[in-house]
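Peer 1: Put together the whole structure using the sequences plus the hints.
Next come the chains, spelled out residue by residue.
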Amino acid sequence: MKKVLEVRGLTKFHGRGCAHCIDSTGPEMDTNICAHCGSVVAAHDVSFDLHAGEILGIMGESGSGKSTVVKTLFFDDAPSAGESLFFHDECQWDLFNLNAAEQRWLRNHRFGMVYQNPHLGLNFNVSAGGNIAERLLMNDLSHYGEIRERARLLLSRTEVLPERMDESPRTFSGGMQQRVQIAKALATQPPLLFLDEVTTGLDLSVQARILDLILEIQQELGTAMVVVTHDLGVIRLLAGRTLVMKYGRVIESGLTDQILEDPQHAYTQRLVASAL
Amino acid sequence: MQPILKTEGLCKQFLLHDQNKLIPSCANVDLEVYSGELSALVGPTGAGKSSVLKCIYRTYLPTTGRLLYRDAAGHVIDLASTSEHRMLALRHAEIGFVTQFLHCLPRKSALDVVAEPLLARGETREHAHSKARHLLDLLNVPERLWGVPPATFSGGEKQRINLARGLIARPRLLLLDEPTASLDPGTTDRVVDLLQSIKQEGVAMLAIFHHPELVRRLADRVVELTPPVAVTDLLETCA
Chain A
29 MKKVLEVRGL
39 TKFHGRGCAH
49 CIDSTGPEMD
59 TNICAHCGSV
69 VAAHDVSFDL
79 HAGEILGIMG
89 ESGSGKSTVV
99 KTLFFDDAPS
109 AGESLFFHDE
119 CQWDLFNLNA
129 AEQRWLRNHR
139 FGMVYQNPHL
149 GLNFNVSAGG
159 NIAERLLMND
169 LSHYGEIRER
179 ARLLLSRTEV
189 LPERMDESPR
199 TFSGGMQQRV
209 QIAKALATQP
219 PLLFLDEVTT
229 GLDLSVQARI
239 LDLILEIQQE
249 LGTAMVVVTH
259 DLGVIRLLAG
269 RTLVMKYGRV
279 IESGLTDQIL
289 EDPQHAYTQR
299 LVASAL
Chain B
9 MQPILKTEGL
19 CKQFLLHDQN
29 KLIPSCANVD
39 LEVYSGELSA
49 LVGPTGAGKS
59 SVLKCIYRTY
69 LPTTGRLLYR
79 DAAGHVIDLA
89 STSEHRMLAL
99 RHAEIGFVTQ
109 FLHCLPRKSA
119 LDVVAEPLLA
129 RGETREHAHS
139 KARHLLDLLN
149 VPERLWGVPP
159 ATFSGGEKQR
169 INLARGLIAR
179 PRLLLLDEPT
189 ASLDPGTTDR
199 VVDLLQSIKQ
209 EGVAMLAIFH
219 HPELVRRLAD
229 RVVELTPPVA
239 VTDLLETCA
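From first to last, the protein sequence lines are chains A and B. Under the numbering used here, read the first sequence as residues 29 to 304, first letter to last. Under the numbering used here, read the second sequence as residues 9 to 247, first letter to last.
The set of hints was computed from the structure by calculation and includes no laboratory data. Where hints are given, some of them may not hold.
[Claimed, not checked] A few chain B positions that, by computed beta-carbon distances, are all more than 10 Å from chain A: (1) GLU45; (2) LEU147; (3) GLN204; (4) ALA227.
[As the list claims (entries may be wrong)] Which bits of chain A does chain B cover? Going by a derived footprint, with three or more residues having C-beta under 8 Å, they are: (5) 236-248; (6) 261-271; (7) 284-290; (8) 294-302.
[Said to hold, decoys possible] Listed next, with one range per pair, are the computed distances between beta-carbon atoms: (9) A:ARG132 <-> B:THR90: 36 to 44 Å; (10) A:ASP51 <-> B:HIS25: 21 to 29 Å; (11) A:LEU126 <-> B:GLY17: 46 to 54 Å.
What you are looking at is a predicted structure, and each value in this text was computed from that prediction instead of being measured. Even glycine gets a Cβ: it sits at the ideal position worked out from N, Cα and C.
Peer 2: Set out below in structure tokens:
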């Protein structure tokens, strides 16, 4: 299996940081705020590999640093330390040493992101179809009819009524907004997709259909995905391997069924035991 | 002949942090499984039979011991310590597991559930479905159920779906956890015939059976497990 992403020692501080930040935060210290300087250690020493077509789950509660990891990889946030390599078509990119133009190119051409909050992933001032067209335009597709046709196809693939493609996503339900986000992220058929709590806050039936859609896409296109969630059910359904995070640290990792049936860390044991 | 799987001193304990307890499961399990043979795990409830299978499949992390698996290319891999990606690749292509319970997407038809391992290997939908139909028919699953999600099936029906799903991709090593526990005698005979035939095809099997009768009919080797000593309190052991 080909490696798509290699992350080593990814670290993110909010604040000026001091010599004691690492020692005074983490699961053992029961906090991610440094007692000496007040900095927040959002993520520290996160490492993993992602292979082509694989879904990796990152599980943890609010403030565990799971979103920080995907935000830095998608260039929404700059890391404080660490290295990350992206591999595609015999090329490799050193993600944290690219200039802004190179980062933008990767975001638009090779990566996709679906946020929990549709406002972050969609432009509500243009239509659903326009949101997708924006991404296609950045990928050097410029024929109006062609773009419109592609957008229509993508929206119907993600089960958004094509009749509504000229409306703003503002008028859509939460589940539909997520579908438009997914269609937009997939527009360039990216080899790597980040999903940040994409089903949180949706009705159960809507969640189920979105998760089915994600699985179908993964099987059809072989897209590698990093799925961030606090929901054990989402992890069980989607992820082959899982990292568990707490206070910015990866406390355990393994095959998903092993994490759920034979969790090693006290925190994971409590988490699994409290699942509904 | 070289075994396809050989365990050495396999031991599994569960450390429950919140209760500060160490729960022993299986201990010092040494067994061998050969291609074209079935090894049966026997022993009373609580002897850790299922744990052995789950350790081999990496659903449980073995506490100590080696699980030496000879893969299709002839390499010997310790399943207890091999990488997660290697383990996933082996599950995908070589090692199958028929568990007691069916875990699957609640919105997939029985036919899709059974065909899935073949689809995951990139076979066409038609081919995968035709093989799935053949197996469901062999296992006496009524045709009216094939298009329905198995969530509402009876225990015996679910079990046969699970079995068909485990057999469809013809793994090199198949782990079976009581595959006939809730089947009637007629259907059990069909399962026995099916297991006999895949044994002849060279599949290696490690199985737990409810009935001694099935061990007698199917097993080439028998491995007996004894229950571990009682739960120990961590504080006591440390003191």
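Peer 1: Looking at LEU147 of chain B again, its CB stays over 10 Å from all of chain A?
Peer 2: Non-interface label stands for LEU147 of chain B: nearest chain A Cβ at 25 Å, farther than 10 Å.
Peer 1: State, for the Cβ atoms of ASP51 of chain A and HIS25 of chain B, whether the hinted interval 21 to 29 Å holds or is violated.
Peer 2: holds, 23 Å
Peer 1: For ALA227 of chain B, is the shortest CB-to-CB distance to chain A above 10 Å, so the non-interface label stands?
Peer 2: holds, 27 Å
Peer 1: The segment 294-302 of chain A covered by chain B? Criterion: 3 or more residues, Cβ-Cβ distance below 8 Å.
Peer 2: holds (count 4)
Peer 1: Verify this for me: three or more residues of the segment 261-271 of chain A with a beta carbon less than 8 Å from a beta carbon of chain B.
Peer 2: holds (count 3)
Peer 1: Three residues or more, CB to CB closer than 8 Å: is that satisfied between the segment 284-290 of chain A and chain B?
Peer 2: Held - the segment 284-290 of chain A has 4 residues with a Cβ nearer than 8 Å to chain B, which meets the minimum of three.
Peer 1: Do ARG132 of chain A and THR90 of chain B keep their Cβ atoms within the hinted range of 36 to 44 Å?
Peer 2: holds, 40 Å
Peer 1: Holds or violated: is the Cβ of GLN204 of chain B farther than 10 Å from all Cβ atoms of chain A?
Peer 2: Nearest chain A Cβ is 30 Å from GLN204 of chain B, so the label holds.
Peer 1: For the segment 236-248 of chain A, do three or more residues have a beta carbon lying closer than 8 Å to a beta carbon of chain B?
Peer 2: With 4 residues in contact (Cβ-Cβ under 8 Å with chain B), the coverage given for the segment 236-248 of chain A holds.
Peer 1: Beyond 10 Å from every chain A Cβ: check whether that's true for GLU45 of chain B.
Peer 2: Given a closest Cβ separation of 27 Å, the condition holds.
Peer 1: Evaluate the given range 46 to 54 Å for the C-beta pair formed by LEU126 of chain A and GLY17 of chain B.
Peer 2: Holds: the Cβ-Cβ distance is about 50 Å, inside 46 to 54 Å.
Hint compliance for this structure: no hint is broken.
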